[in-house]
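Sequences and hints are given; from them, build the entire structure.
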Amino acid sequence: MSSVAVQLNDIAKSFGPVKALAGLTLEIKEGELVALLGPSGCGKTTALRALAGLQDLDRGQILVGGKDITFQAANHRGMGMVFQAYSLFPHMSAQENVEYGLKLKAHKVSAEDRRKKSSELLELVGLSTHAGHYPHQMSGGQQQRVALARALAIEPKVLLLDEPLSALDAKVRIQLRDEIRRIQLEVGTTTLFVTHDQEEALGIADRVGVMRDGVLQQIAVPQELYDRPTSAFVAEFVGLTNPIRGTVSGSTVSILGSQIATLPGSVTSGEGTALVRPESIRVEADPSGSAKVVTSSFLGSVCRSIVDLADGTRITAQSASSQASVLRAGTSVRVTLDTPAVFVKSL
Amino acid sequence: MSSVAVQLNDIAKSFGPVKALAGLTLEIKEGELVALLGPSGCGKTTALRALAGLQDLDRGQILVGGKDITFQAANHRGMGMVFQAYSLFPHMSAQENVEYGLKLKAHKVSAEDRRKKSSELLELVGLSTHAGHYPHQMSGGQQQRVALARALAIEPKVLLLDEPLSALDAKVRIQLRDEIRRIQLEVGTTTLFVTHDQEEALGIADRVGVMRDGVLQQIAVPQELYDRPTSAFVAEFVGLTNPIRGTVSGSTVSILGSQIATLPGSVTSGEGTALVRPESIRVEADPSGSAKVVTSSFLGSVCRSIVDLADGTRITAQSASSQASVLRAGTSVRVTLDTPAVFVKSL
Amino acid sequence: MKRSLGQRIWRWSILLVVTSYLALPIVAMLDFSTKVGRSKRGLYAWKAIFSQPELVGGIVTSLELAAIVIALLLFLVVPTVVWVHLKLPRLRRPLELICLLPLAIPGIVLVVGVSKIYMWLSIHWTESPLTLSAVYAMLILPYTYRSLSAALFAVDVHTLAEAARTLGASTSRTLFQIVIPTIKAGVMSALVISIALVLGEYTISSLLNYKTFQVEINLIGQNDGTIAVAVSLASLIFVLLLLLLMPTAKRHGKALLDVDAE
Amino acid sequence: MKRSLGQRIWRWSILLVVTSYLALPIVAMLDFSTKVGRSKRGLYAWKAIFSQPELVGGIVTSLELAAIVIALLLFLVVPTVVWVHLKLPRLRRPLELICLLPLAIPGIVLVVGVSKIYMWLSIHWTESPLTLSAVYAMLILPYTYRSLSAALFAVDVHTLAEAARTLGASTSRTLFQIVIPTIKAGVMSALVISIALVLGEYTISSLLNYKTFQVEINLIGQNDGTIAVAVSLASLIFVLLLLLLMPTAKRHGKALLDVDAE
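Chains as they are written, first to last, in the numbering used here: chain B, 101 to 447; chain F, 101 to 447; chain P, -11 to 250; chain Z, -11 to 250.
No lab work stands behind these hints: they were computed from the structure.
Bear in mind the structure is a predicted one, so any value in this text is a computation, not a measurement.
Backbone N, C-alpha and C fix where the C-beta goes; we use that ideal spot for every residue, glycine too.
Hints may contain errors.
As the list claims (entries may be wrong) - Some chain Z residues close to chain F (C-beta under 8 Å, calculated; not the full set): (1) Q40; (2) D144; (3) L155.
Shown next, in the form of structure tokens:
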């Protein structure tokens, strides 16, 4: 389980003046699901396409299972890929889509075995009753399930998922995310998942790599990435943050009357901007409090409040949804911090 | 603030055999933001389009400010509408788009006043530096901001928002949602917001109406809708729920060893399925506990765990993100409930 | 809102005028072809169609031409357009311009330009329909290019081709098993338009001395106008039926976004 | 992955063959029009163009025709197509078929069908280019309809029209201020193709005895083929320049979805 399945060694690619990949190095372990997370243009999709063989490189090396495949054609790589949307062959039924890759195998798979395999896979993705449906008869979520089954049918060395959920509705997105993870764990395929949605990346991956300008900023398990970012970019891109001014001395920062440890990479002295998570801010109704609630929105399982501090700083705090009725607009509140450590960037 | 601005009286519309609206009655108060929430085909968009004058009705009456406008043409209604996407005029700059409605006003607005007004509005939506940009030069989020400014420029009687965020990225979606609410409160325009995303509806609206099959199921302030649904449909559509079997007697249900009050509309006796929110389930590591964690995902500010109960029921629980490291797969846990009341539907 | 009756009448009458304007020639032809003498009516012209041996020869020649043009379309034009669309997007515009050229070249000029080659060919090689079909293959480009191009833009062919590649498909498999079936509607339109064009073309075949369907009709028309018009109308109806076979353009792409189409 | 050199050569040579096949008539025309006698070359034919008074008359007639056809296109065809697209989607298919009809009707048949009306018109009314332009307006439909229809499908015209309505725009303002500017590219294509067609049409104008540009060229060609070819080439170049003015189809619709186009 822990041998290296995929190695990207210093891969680079420019499109004209734009460096999509500027020397990316990444290892994915056997059976691991790694998510690449980043804003538009950070190079995450280019990296995935290079691994699929759909994008040539200017420099660097790609190894899968220890074998150099840098110059192998896409149709010989045996990668299963799921695209953002609309990638099912419109003139084939769900079953025919799933079987297509098997038909192309060098050593022929018999029609019976193909049928058996495609039925198994359609059942795995929960669509065994839709085998005869054509893409236009299926919802977006169902189409992506079939696309997943089709990619898995060829028993791929690596499963590549290119923003497979971004064209779907919120509810379907969450449901399918959990399902992809369940299937990936069940099948055990090494997987690279590319997304711009941080909740998606955190919720699905064993490790999440944050990319920016063609290089990896930080790669870590979700909780570490969220709790211990090594740069302001990662702290701000993964999750919400409140920029709050404070004074750093040594390895602690003084903000909102508390002394909080600073994370490695932070400013080490003088003034700085601490990046504090909304759920690290505790807001309690207190008639003598110097801060005031501007507005609170009830979001179901949590409540998010916008609060003006005494010095005019506007912050967002997140609390249990039961607080929504207490933290009404205009309420005087006391604001304290509840976090072991924060990242502090320069002003 | 509390006079009725919009009244939909028993409006109905069928498309062939499909009843899009089956007698919808709704009141919106002056300055209020009401969200209509529901799955595809529930009629929410038809209702909004009927109010805009873009959809004729089979029956019913529409009153705005006490005046019957049921048969008024769309271009005389003075409604500001923001569409799902791609509604900016591609051959006009942002500023020209915003000014277009003013140019059409019956009593002419001078070119100077138009320019002043459009500049104000572009500043309000945070795009004062983009006045000269054309739609194809702007991101999706920026385009929707301009569309909002354009709709507000005509000082509409009612602002109509038709899934304005559904084509946007997750981060932009949340940001623009908060901004729309801020602007709506600042301008004070009566607003109808249509969406299929429950978090969006809860986060933005004064009141949320849940629609199904062309009629209103329940309309209430967000917290009441979430905490005290009056039907299983509302409970399941708004937020996540775990179906857990229990025995009802009188107005309490016995589930997971607790006696919990049942909400009005619930089953009143015998066996039933209680719909329990993930955050109402408390999961604590306990070596003697009879339940087992299947998997936990860290989602940033919260942690979601899938837990198998002793009787094999699989439930989803939500806890503070700090629990993610404790609730690993395979951990024995004790599961208790922490909620004042639940909805119980028949088996 | 319910449209007022006046508005409805106004709108439908515009449509009626446009339609009848277009239907006029057909009605006139039907009228002309069923006239016998000054004031009597009869179907003798329609019956006479089948007693013209040259006409049958002309029909066979035209159908041969159509078959060759179809083959050229399927195995030369379609792969070229697809390949430029997918692999050489920068050449899309030049190709579009090139394909529109035949529209701007009147038949006579085309004939002047190619007649020497044709003379050379007819002396040294053969005068088979193959040579005329080469000119026709050029003539159909303005119409077929648009159909194919529209079909290629309507679906995300690029993603489909990449999906096929990752599943192990070679370039030719991707083209013939995935891309062409996907743009079937566009290919069918192109085919139907090409057939209509080949069956309806007169100027060039006449100038190059080919005895095609239309040339024969014209010859008959010089002797008996009524039969010629009857044959023309028959061919027109045949082409109309062909056009009815043509698939309509569908919008695959948008389905996923129509969250609340209701 | 980098393409091998062999593959590249193969691909470019196909393109070269297709292009040269299409360029052949033009080269042949250039060759022919610069020949003087058996083996000498010169530009006398090109200079002679301007000493033909009938030719100037033909050019004027053809340009008048083009102007009228453009007006008909803008104020009759475009509004009809837009209105059917937006308000009567069920009539899209019938309209498409109707618009393709002229393609299937060879010129001669069209002339037989309408010649009686024309005779009546020329006796009772006038023989101005207006009457011929009515036939041309019909002829351009197969080409213009596709351009307009493709442009209407490329953007979400429906939403744009509704946005304009809610902002207070009347139907005509919506059409002329919003819809037509939005499909400008399609309208421009339709215009250019129409002009090319009107300037290049020979059969019908010749049969109906109109002295258009192509008819005059043909007359000159009967006396001096070299001048005729020179004029044809000149007109071809003019039309080519027109085609270069034609905007390319862009895909507005997809931009918002391209989250990570990179």
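Checked hints:
1. At about 43 Å, the closest approach between the beta carbon of Q40(Z) and any beta carbon in chain F exceeds 8 Å, and the interface hint on this residue is violated.
2. The beta carbon of D144(Z) comes within 5 Å of a beta carbon in chain F, closer than 8 Å, and the hint placing it at the interface holds.
3. Against a cut-off of 8 Å between C-beta atoms, the interface hint on L155(Z) holds, since the closest Cβ of chain F lies about 4 Å away.
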